[in-house]
Amino acid sequence: MLLSELLTRMTCGDLEGEELEAAVTAITGAPSQPLEDWVDSDAQAYALEIINQLGGYIASSDKIDELHEQIQEMFEEFPDFPYELLKDRERGVLPYYEWLDGELAQRAVDEGGYDLIQIEGSGTDNMDALIVYRRDTADIIQAAALMGVTIERPLAYFRGVQAQIDAHKHG
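In my numbering, the protein residues as written are 162 to 332.
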C-alpha cells in the first residue's frame with residue numbers, strides 16, 4: 162500500500178490533494194529530519210511525523226475521559242463518557258473500550274462502521290487515537306508495520322491485558 166493510500170485510509174478519505182501530498186513528503190523525509198532530538202530510528206521518525214501530520218484527525222490525551230471528549234467532538238451526537246463502566250476496578254478500562262467499540266460500530270454503517278486505532282511512538286504518555294473505517298483497520302495496521310510503525314486497536318490490547326490478569330489469578 163502506498164503511503165498516500167495509508168494516510169487516506171487513516172483519515173477516512175478526508176485528507177486529499179495538496180494536503181495529502183505535503184503529508185506524504187513530510188513523512189517520507191522524516192528519518193533524515195526527525196521532529197525531535199530523541200528520535201533514534203526511522204520507525205520513530207515515521208510515527209512522530211504521522212502523528213504530527215494527522216494532528217487534526219487525532220484524539221490525544223493521557224486521560225481516558227479527556228480522550229473520550231475529543232472523540233465525542235468528532236460526531237454530531239455521541240454519548241457522554243460512561244463513568245459507571247469504570248467502577249469495576251478489576252476489569253480496568255476494558256469495559257469502556259468494549260462500550261466504545263459498540264458505539265463506533267453503529268456509525269458509518271454503510272462503510273462497515275468505525276473503529277478506534279492507536280498510533281504508538283509519540284514519546285509521551287498520551288494515547289494518540291484515530292477513528293477509521295472498521296474495514297480498513299487490518300490494512301492500516303499491516304501497512305504501518307511495514308514502516309516499523311506500531312498501530313493497534315486499544316480494545317484488542319486491553320482484552321489481552323485482561324486475559325493475562327485472569328490467567329495469572331487462576332494459574
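I should point out that these hints are in silico values taken from the structure, not numbers from a laboratory. In this text, a Cβ means the ideal position worked out from N, Cα and C, and glycines have one as well. Please note that the accuracy of each hint is not assured.
[Claimed, not checked] What follows is a list of derived Cβ distance ranges for each label pair:
#1 W199 / A324: 17 to 25 Å
#2 A183 / E245: 22 to 30 Å
#3 G174 / I326: 37 to 45 Å
#4 P192 / E166: 14 to 22 Å
Q.
To test your reading of the hints: which numbers does this structure violate?
A. Violated: hints 1, 2.
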